[in-house]
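Colleague: Read top to bottom, the protein sequences are chains B and U.
Note that my numbering has the first sequence beginning at 1, numbered continuously upward.
Note that my numbering has the second sequence beginning at 420, numbered continuously upward.
Read the hints as simulated data drawn from the structure, not as lab findings.
As the structure is a prediction and not an experimental result, all values here were calculated from the model.
Any given hint might turn out to be false.
[Stated by the list, open to error] One side only, chain U facing chain B, incomplete, derived with CB under 8 angstroms:
1. ALA473
2. VAL558
3. LYS566
[Said to hold, decoys possible] Calculated pairs, BS3-like style, for lysine-lysine (alpha carbon to alpha carbon, straight line, at most 30 angstroms):
4. U:LYS695 <-> B:LYS132
5. B:LYS132 <-> U:LYS566
6. U:LYS551 <-> B:LYS276
7. B:LYS53 <-> B:LYS132
8. B:LYS205 <-> U:LYS566
Glycine is no exception: its CB is placed at the ideal position from the N, C-alpha and C atoms.
These are the residues of each chain, in order.
Number of protein chains: 2
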Amino acid sequence: MKIIPPILLLATLLIAIPTRAESDAPGVPATSNVRGADYPRILPDNRVVFRIKATEAQKVSFHVDNTYPAVRDAEGNWTATTAPQAPGFHYYWLVVDGVWVNDPSSETFYGVSKQCSGIEVPEVGVDYYSPKEVPHGEVRERRYHSKTTDAWRRIFVYTPPGYDTNQAMRFPVLYLQHGGGEDERSWVVQGRVSQIMDNLIAEGKAKPMLIVMEQGYARRPGDPEVPLRPPVGLLDKAPAAAPAEEKSAAPASAPRPAVPPEFSRMFNALDEVFIKDLIPLIDSTYRTLPDREHRAMAGLSMGGMQTFLIGLNHLDTFSAFGGFSGAGGGFGGIVFDVKTAHGGVMADASAFNQKVHVLWLGIGTVEPPRMYESVKNYHNALTTAGIKHIYYESPGTAHEWLTWRRSLHEFAPLLFQNK
Amino acid sequence: MKIIPPILLLATLLIAIPTRAESDAPGVPATSNVRGADYPRILPDNRVVFRIKATEAQKVSFHVDNTYPAVRDAEGNWTATTAPQAPGFHYYWLVVDGVWVNDPSSETFYGVSKQCSGIEVPEVGVDYYSPKEVPHGEVRERRYHSKTTDAWRRIFVYTPPGYDTNQAMRFPVLYLQHGGGEDERSWVVQGRVSQIMDNLIAEGKAKPMLIVMEQGYARRPGDPEVPLRPPVGLLDKAPAAAPAEEKSAAPASAPRPAVPPEFSRMFNALDEVFIKDLIPLIDSTYRTLPDREHRAMAGLSMGGMQTFLIGLNHLDTFSAFGGFSGAGGGFGGIVFDVKTAHGGVMADASAFNQKVHVLWLGIGTVEPPRMYESVKNYHNALTTAGIKHIYYESPGTAHEWLTWRRSLHEFAPLLFQNK
């Protein structure tokens, strides 16, 4: 019995495509490219060369820090070279005849409430967020049904090296939130949480801990849909072609309204998800140290707001807090008053300082000025009020992921010391 | 001391965008949409309505099973309605003035060696791949450095419910491979491996097992780059605008060449990764039952080829095998001869039947005819040769994920019984 085996049919289809030759174009393919893609390429001075074949398009550009019109060659390849880019991770867009889409040559990353192209620009001499030959933890994906929202939620949980083998050991927990327009995947993918933590733990700089990453959106049954907003910094360079209703209609000088009800509702629902659903799930599923001394909360941008709202609302649950490019005074009023802010928990500075082991603020020096100044002013206000805290500035980084990788790298070593 | 707290700056930027009203358009948003996207919408008869705003584009279409030209309205919204779609998961593309890109309204999925839009079309009355109120396992992401390839690799490991709590229990392992053009993420995301397994285990239909998902590409240092090919079925409907070298140059009637060396090299390297790097890592990291009786291998399309090549090459390591829309006769020659195929391991049918506990072939009835026939012919050849095996046809499904979800759902319950 002789037949043609299916493997050869497959082989017939799979072959005859020559192995792609290494490109002799200048620079190197970005590490954020999909497998086998020669472009985008990073030049030695961190300019980026984007390219796409689009024979029928009238106009092609790429948007990263700015919009770069691309030039067509005779074969229909459109190429654009950017100005030197800051190191770290940047979202970017391909614009084809006015339509903002992803570049098929890059991996995609959930940001601005959509999947976006992203590019990783190398940071010379820095390897704390790269995988190294050290013991590795895991990131675990888990789904659970929330009673608060009556819906399925997905979380990611970083477990440190040794979690599985040291069965007698229990671990502290950091709850770490993404920003608006991103989700529970963002710290894992864009943030490189496991590489940062594996390396810090291997160097003995951070205590082994669990890190729980939830989504920052929650809706009780019957409530209107939750608002989905891009991170503030991204709003500043949001795609021009994005639907008009996605842009903020409130100029900076507009009267500051009270907290809009859809946000109050969402944050209240999330507070309940955390306290009634998530933390009990984590403490009953993992070998945690289930008390306030061993529980911290941090987040970036909107996640920083949530940290200060939810975390400081539950000082019996959390004892350490981090706001990365977003912290805040709470939703109580227009101005910050240490006596009344956060429901008055800071009114007695000495008692607060005793109770809260870490209060941490971080901001990038090239974030939009009003963000930078507001975090710095908040830091000054805390100083004046005698509230013990740490203030960190990330040199030369914007409202994006290198600020937040650095923030985690600075913040995590402070947690759960002497516990 | 009164300052404007950053939270209110954030709020200023975040508010004033009205909560999106529920659409009154017909149908419902697909579950594969990004959060808050009203389109694509699924109509009751499984037609799909795609829409994008593109005021400057000259021509817009959407490609799923076929290309559907979109029609522009006065506001620049382009809308296309497809024919009724088969249930399950389909890759699709947005085509803007001839450029094949992703639809910003949908999640993206790694397929055809790129991130692609995907749409989930509901399957009425079927819930084996949906999350349910049953005990949930986890999917764990882990990175390791391979000695064979001298490079970092990422794996995903499904651990069943109870893995953490039953510390005395050890588990069998299924190694489960994706197809060409996809990667180690594909079974987790498109394949819904954890939902399928959680549900099967809860019903008592499958034994609790670990499932290890590796990437199907490997390259020893100094070897040329590995070939990256789209799954065969997708090649049949590959984007017309894809670069010419991505299309198969070999018509079905072309002389069938011997296995191209870049594939031999890649599969040999992957064989070594499995035997020398991956399996030792898994057995030393997880509570496995580290013997052939408790080790199985399966895969789809190219992963099926790899299962039959690598798995049957190591009968001392594996005792059960599954080929989902791809199986094969091995790379020994043009024709299948039971005496010589797979290095002769089937030559003594009775000895083979004794040794191999499960040999499983599956194929969708509407896969490309030459694929369907080749798997069916292989099944007939095995039958004639007296090789015990199971042959499954998935009714009405193509070379895509519903075939493979069904295949896993049929195959997993057969594994590790009476062990």
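Colleague: Indicate, hint by hint, whether the structure satisfies it.
Modeller: Consistency of the hints with the structure:
At about 4 angstroms, the closest approach between the beta carbon of ALA473 (chain U) and any beta carbon in chain B falls short of 8 angstroms, and the interface hint on this residue holds. The closest approach between the C-beta of VAL558 (chain U) and any C-beta of chain B is roughly 4 angstroms, which is under the 8 angstroms cut-off, so the hint is satisfied. A distance limit of 8 angstroms between C-beta atoms decides the matter here; for LYS566 (chain U) the minimum to chain B is near 11 angstroms, and the interface restraint is violated. The hinted pair formed by LYS695 (chain U) and LYS132 (chain B) meets the criterion: a straight-line CA distance of about 20 angstroms does not exceed 30 angstroms.
For the given pair, LYS132 (chain B) sits about 14 angstroms from LYS566 (chain U) by alpha-carbon distance, which is consistent with the 30 angstroms threshold. At roughly 20 angstroms between alpha-carbon atoms, LYS551 (chain U) and LYS276 (chain B) fall within 30 angstroms of each other, so this suggested pair holds. Using a Cα cut-off of 30 angstroms, the hinted pair LYS53 (chain B) and LYS132 (chain B) is violated, with the two alpha carbons roughly 36 angstroms apart. Distance check on the hinted pair: LYS205 (chain B) and LYS566 (chain U) sit about 28 angstroms apart at the alpha-carbon level, within 30 angstroms; holds.
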